[in-house]
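Protein chains: 2
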Amino acid sequence: MTIALDAMGGDKGPSILVQGAVEAARELGTEIILVGKESLLEEELARVDGKDLPISIKNASQVVEMAESPSDALRKKKDSSVRVAFDLVKEGRAQGVVSAGNSGATLATAMFILGRIKGVRPAIATLVPTLKDPSLIIDVGANVDCKPHHLLQFGIMGSLFVKEFLKKESPKIGLLSIGEEGSKGNQQVKKAYDLLASSNLNFFGNVEGRDVFRGEVDVIVCDGFVGNICLKLSEGLAETVIAMLKNEIEGNWLAIMGYGLAKKAFTRFRKRVDYAEYGGAPLLGVKGTAIICHGSSEPKAVKNAIGVAHNLASLNLADKLEASMSNRKDILRII
Amino acid sequence: MTIALDAMGGDKGPSILVQGAVEAARELGTEIILVGKESLLEEELARVDGKDLPISIKNASQVVEMAESPSDALRKKKDSSVRVAFDLVKEGRAQGVVSAGNSGATLATAMFILGRIKGVRPAIATLVPTLKDPSLIIDVGANVDCKPHHLLQFGIMGSLFVKEFLKKESPKIGLLSIGEEGSKGNQQVKKAYDLLASSNLNFFGNVEGRDVFRGEVDVIVCDGFVGNICLKLSEGLAETVIAMLKNEIEGNWLAIMGYGLAKKAFTRFRKRVDYAEYGGAPLLGVKGTAIICHGSSEPKAVKNAIGVAHNLASLNLADKLEASMSNRKDILRII
Numbered sequence: 076m077t078i079a080l081d082a083m084g085g086d087k088g089p090s091i092l093v094q095g096a097v098e099a100a101r102e103l104g105t106e107i108i109l110v111g112k113e114s115l116l117e118e119e120l121a122r123v124d125g126k127d128l129p130i131s132i133k134n135a136s137q138v139v140e141m142a143e144s145p146s147d148a149l150r151k152k153k154d155s156s157v158r159v160a161f162d163l164v165k166e167g168r169a170q171g172v173v174s175a176g177n178s179g180a181t182l183a184t185a186m187f188i189l190g191r192i193k194g195v196r197p198a199i200a201t202l203v204p205t206l207k208d209p210s211l212i213i214d215v216g217a218n219v220d221c222k223p224h225h226l227l228q229f230g231i232m233g234s235l236f237v238k239e240f241l242k243k244e245s246p247k248i249g250l251l252s253i254g255e256e257g258s259k260g261n262q263q264v265k266k267a268y269d270l271l272a273s274s275n276l277n278f279f280g281n282v283e284g285r286d287v288f289r290g291e292v293d294v295i296v297c298d299g300f301v302g303n304i305c306l307k308l309s310e311g312l313a314e315t316v317i318a319m320l321k322n323e324i325e326g327n328w329l330a331i332m333g334y335g336l337a338k339k340a341f342t343r344f345r346k347r348v349d350y351a352e353y354g355g356a357p358l359l360g361v362k363g364t365a366i367i368c369h370g371s372s373e374p375k376a377v378k379n380a381i382g383v384a385h386n387l388a389s390l391n392l393a394d395k396l397e398a399s400m401s402n403r404k405d406i407l408r409i410i
Numbered sequence: 076m077t078i079a080l081d082a083m084g085g086d087k088g089p090s091i092l093v094q095g096a097v098e099a100a101r102e103l104g105t106e107i108i109l110v111g112k113e114s115l116l117e118e119e120l121a122r123v124d125g126k127d128l129p130i131s132i133k134n135a136s137q138v139v140e141m142a143e144s145p146s147d148a149l150r151k152k153k154d155s156s157v158r159v160a161f162d163l164v165k166e167g168r169a170q171g172v173v174s175a176g177n178s179g180a181t182l183a184t185a186m187f188i189l190g191r192i193k194g195v196r197p198a199i200a201t202l203v204p205t206l207k208d209p210s211l212i213i214d215v216g217a218n219v220d221c222k223p224h225h226l227l228q229f230g231i232m233g234s235l236f237v238k239e240f241l242k243k244e245s246p247k248i249g250l251l252s253i254g255e256e257g258s259k260g261n262q263q264v265k266k267a268y269d270l271l272a273s274s275n276l277n278f279f280g281n282v283e284g285r286d287v288f289r290g291e292v293d294v295i296v297c298d299g300f301v302g303n304i305c306l307k308l309s310e311g312l313a314e315t316v317i318a319m320l321k322n323e324i325e326g327n328w329l330a331i332m333g334y335g336l337a338k339k340a341f342t343r344f345r346k347r348v349d350y351a352e353y354g355g356a357p358l359l360g361v362k363g364t365a366i367i368c369h370g371s372s373e374p375k376a377v378k379n380a381i382g383v384a385h386n387l388a389s390l391n392l393a394d395k396l397e398a399s400m401s402n403r404k405d406i407l408r409i410i
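Protein chains in written order, with the working numbering: chain A, 76 to 410; chain B, 76 to 410.
Keep in mind that the hints were calculated from the coordinates and are not lab data. Watch out, some of these pointers could steer you wrong.
Given that identical chains are not distinguished, each listed pair holds provided it fits within a single copy or across any two copies.
To be verified - Capping the alpha-carbon separation at 20 Å, the derived lysine to any residue pairs in SDA-like fashion look like this:
(1) 259 <-> 146
(2) 259 <-> 141
(3) 193 <-> 132
(4) 112 <-> 123
(5) 259 <-> 147
(6) 207 <-> 291
(7) 307 <-> 285
(8) 307 <-> 279
So here's chain A without its partners, still in its complex pose (with noise of 0.2 Å):
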């Protein structure tokens, strides 16, 4: 099983990335291919001690920016690290693809060089921590304005990942909404309640809010504006309550010392809450494998995204979701 790795991306630099890279090669055994500018590459490896590991590196003359526009660098950098990333796939070169680059790129070029499932819009679906096992939050952020059958498309790609991934039976997918009543919510979340209600999926019903964290089901289905806003005010919260904490016990050294080992529970949630924890976040829908990372992720987090990729191309679980869709006709529907 070989990913490619998008070498240039992030915003931490090259050095980083190959660490990470190192590390997934030398743990996981996985054979990477570090895409981006050669002689560059070609350093950081030899610093890191990398060269008798299972990684190799294919030259791309150009870097996407953070703050470029997908469509211009779609159009403009034909030899991004990103692209050239996707074309190794499409090659058969390798089988999955990480980056921490532009996100918003990197959703572009995947869709534009792997190509979607037929019907179906990709979705970025994240795990967070909960009381009980971690959910899958999706979408976080692929589909700002979404159809109803868009979020039941979403049900039916977070299920079948957590049925490979996570390894359970029958995942329970809930819809976010304002209420418990399928009759509470938009216009929007109303309909593709109804879908979903009449779906074959185990569907639980609406979740609100308040139940994101409390583990009830194992998926929750969102718009990309609504779970890409869920996912960073958790992060921001977390943050929050680690200053007021601070703010509540400063001068008191008993407290201090129990604020130690409180901090580092909230900075084990937080690194928790954030999804480069996990290994990134896995864009669905697209014809093969392809995981996004944050722009500030550890090689750590590179390390676990590599696995995850590993993990899902040896499940096959692109293949395994396209067999899936192709033979239903209510995603399609046109409410």
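With chain A's structure known, arrange chain B on it following the hints.
Chain B alone, transformed into the frame defined by chain A:
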């Protein structure tokens, strides 16, 4: 200043509400009319020794149930406690209403009896704690399907509320979205960005989910679907953090003592996130003063809500909102 309290609404029954009213009358000097079943309320009032306070009772023979449909309640229960409370304001016998009952019914009744400011969509506003001063989130549930110009209206109302109630000159207005640039967001939000940017408000630009608790802006504008999910997510996350922290430090006595302090800090935090602690959430955009409380409000929250109602009525906020809306056309723009 007289406030009408819907003394039958809420999950916990009239005794909690009457107790809150007694505390408000005693501590704040507010005159209060308890609205509901006369004999029952007389008993409750006698029980908490409230006979000598400026509290009177107005009979209402019906009660809107928590799960009842707002339109049914409006049509069928013309002598409900919440309706009679708003009638008292309409007749000039009270200057504001507080209700912890069915919030949809309270909203519908307020709009029907008091009327809406012309062209305006009333919205529920709530103060949340941040690292700096509290921020106002508007809307948190009144409008689940909004047009861009409704978001502009929320910005105008939120700005005036913060200016009058929190005494802040030129409040900073943020628009909740998924990226800093005005080009980021869904269709609704991108258009609202342009409206807000070309208004006379002190528009800061987009804020992301992670900024909600940072306190960079005074007002966070969003539609009621997104706002309600954010509010409830925050409540749920605070609970999850407490539970996770408890797991982390089990069995370590020093940590347990630290945990006691940490838990206190969290409980305080959770209460601050719970809008009842801020004295309920004002409904802005109706021609009068109305405060919506959590169904599970404790006496303290009811007291605070009565205080907020008293304060807003004294400030003539509803009239000021109407005046500020009446001479501008941009709030009616249909895009």
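Hints, verified against the model:
no., hint, verdict
1, 259 <-> 146, "between (37 Å within a copy, 14 Å between copies)"
2, 259 <-> 141, "between (38 Å within a copy, 14 Å between copies)"
3, 193 <-> 132, "neither (33 Å within a copy, 65 Å between copies)"
4, 112 <-> 123, "within (17 Å within a copy, 78 Å between copies)"
5, 259 <-> 147, "between (40 Å within a copy, 16 Å between copies)"
6, 207 <-> 291, "within (8 Å within a copy, 34 Å between copies)"
7, 307 <-> 285, "both (15 Å within a copy, 5 Å between copies)"
8, 307 <-> 279, "between (25 Å within a copy, 19 Å between copies)"
Taken one by one, the earlier hints fail for this structure only at number 3.
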